[in-house]
Every structure is written in C-alpha cells, then in structure tokens.
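Heads up: the sequence shown begins at 46 in the numbering used here, then just goes up one per residue.
Careful, some of the hints might be misleading.
[To be verified] Computed list of lysine to aspartate or glutamate pairs in EDC-like fashion (alpha-carbon distance at most 20 Å, straight line):
| # | residue 1 | residue 2 |
| --- | --- | --- |
| 1 | LYS234 | GLU217 |
| 2 | LYS128 | ASP170 |
| 3 | LYS93 | ASP170 |
| 4 | LYS191 | ASP224 |
[Stated by the list, open to error] Cβ-Cβ distance ranges computed for the label pairs, FRET-style:
| # | residue 1 | residue 2 | range |
| --- | --- | --- | --- |
| 5 | SER76 | ARG225 | 22 to 28 Å |
| 6 | ASP170 | THR193 | 36 to 42 Å |
| 7 | THR147 | GLY248 | 18 to 24 Å |
| 8 | LYS115 | GLU152 | 20 to 26 Å |
| 9 | THR220 | PRO73 | 25 to 31 Å |
| 10 | GLY141 | LYS236 | 28 to 34 Å |
| 11 | GLY141 | PRO107 | 37 to 43 Å |
| 12 | SER215 | ASN105 | 24 to 30 Å |
| 13 | GLU143 | VAL172 | 30 to 36 Å |
| 14 | VAL232 | VAL172 | 14 to 20 Å |
Calculated from the structure, these hints are not laboratory results. For clarity, every value in this text was computed on a predicted model and none was experimentally measured. Positions of the beta carbon are idealized from the N, C-alpha and C atoms, including for glycine.
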Amino acid sequence: MKRILTLVMTLILCSFGSLSHAAKVGDPAPSFTSADSQGKPVKLSDYKGKFVVLEWHNQNCPFVKAQYNKGKMQNLQAKWTAKGVVWLRVISSASGKEGFVTGPQAEESAKEQGAKATDTLLDQDGVVGQAYGAKTTPHMFVINPKGTLIYNGAIDNAPRVEEAVTKTESGEPFTNYVDRALQESMVEKRKVAVPSTPPYGCGVKYK
Numbered sequence: 046m047k048r049i050l051t052l053v054m055t056l057i058l059c060s061f062g063s064l065s066h067a068a069k070v071g072d073p074a075p076s077f078t079s080a081d082s083q084g085k086p087v088k089l090s091d092y093k094g095k096f097v098v099l100e101w102h103n104q105n106c107p108f109v110k111a112q113y114n115k116g117k118m119q120n121l122q123a124k125w126t127a128k129g130v131v132w133l134r135v136i137s138s139a140s141g142k143e144g145f146v147t148g149p150q151a152e153e154s155a156k157e158q159g160a161k162a163t164d165t166l167l168d169q170d171g172v173v174g175q176a177y178g179a180k181t182t183p184h185m186f187v188i189n190p191k192g193t194l195i196y197n198g199a200i201d202n203a204p205r206v207e208e209a210v211t212k213t214e215s216g217e218p219f220t221n222y223v224d225r226a227l228q229e230s231m232v233e234k235r236k237v238a239v240p241s242t243p244p245y246g247c248g249v250k251y252k
C-alpha cells in the first residue's frame, strides 16, 4: 500500500511539474515548428503580426464532435479566418492512441467535417501540446500579433451542446470565450476580460 501511495504521489507531483512549465497568459507564446497534414513544416513565427488560434483536436472525442456536428466550430473558424486570423488545429494523439491520424487521414477528416481552419498540425510526439500544457480536446489558445498568449482555456461554457444557444442548461448566458477574446482584443482593441478558463473535453492522448 505504501508503495502504491508513493507511486501515486510521484505521478501527481510530476503532473504538477509539467504543468508549471505550461504556457501562461501574458507570457510569450511558446515557439514551435510542426509538420502539417501535408508534411510541410509550420512555424509559429511564420505568422508573426497576426492573431493565431490553436485548437487541440481529436476527431473521435464526443466534446469535439459536439462542436463540429452542426457547424459551431466551423462557423467560428470561418468568421475569424475571414478577418485574417490564423486558425491551427493541433492533433497531439500519439500513434496507437485515440484520435491519431496520418496526414491524408487528417485531410479527409477536415474535408468531411467542413473545417474552415487555416491548417492542421500533426503533433504526434506531443512536443507542441506539452509546451502549451494542452490538457483536453478541445483546448483553445489565442495569441496576439505581438506573440503574447492572451487566452487559454475552454472553447465555451456549454460542453457537448451542438446547437447555437443563447443560454446554457444552467440558465447562464452562452459565451464562446474564443470568439469574445478575439472580439475584445482584435476588434475593440482592449484587454481580454476573461483570459483563462478551465478547459473541458477528452484528455489529450499523449504517448
């Protein structure tokens, strides 16, 4: 029993240690280079001077499916990419884990979903995900043109709700945090009111 408790505490401490190095709102967003679904290297620095959204993605996750089944995520992607925002879907599922896809499979999935993202990155080794501390799918990050992380957290406050709604099941006004962060920072030129929220969804399937 003591050995089990020691192992559990070690795992907990390791988890906290890894999260302590995760990206923090207000700090420079961690730089990265990752291959996209066509095998092309994509660098965060390629998009210097632009707003960038990172969306952690797993096509098999029910929370992700709820965002895509009736177009919620696609509509949001289309709205902001039309305004010049770079939207990158990041797949950190390791080989043999749920959500793992090859490049062609990622492209086929994006086509079937009608995704309007700028690109899809294959982070099979989890390097980008660990750098940002991505915990779930979807876990969302927004980076401003100066390269500063301005939002980290959930996509919205209505997990697994597929329809566009005005209120959540608890009666609270529906809020898409990514939409609001971009509106406040990019359009209204002011500080993001809610810069971080607890992410929800399926755990990222790291190796």
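> Which numbered hints are broken by the structure, listed smallest first?
Replying inline: 1, 2, 3, 6, 10, 11, 13 and 14
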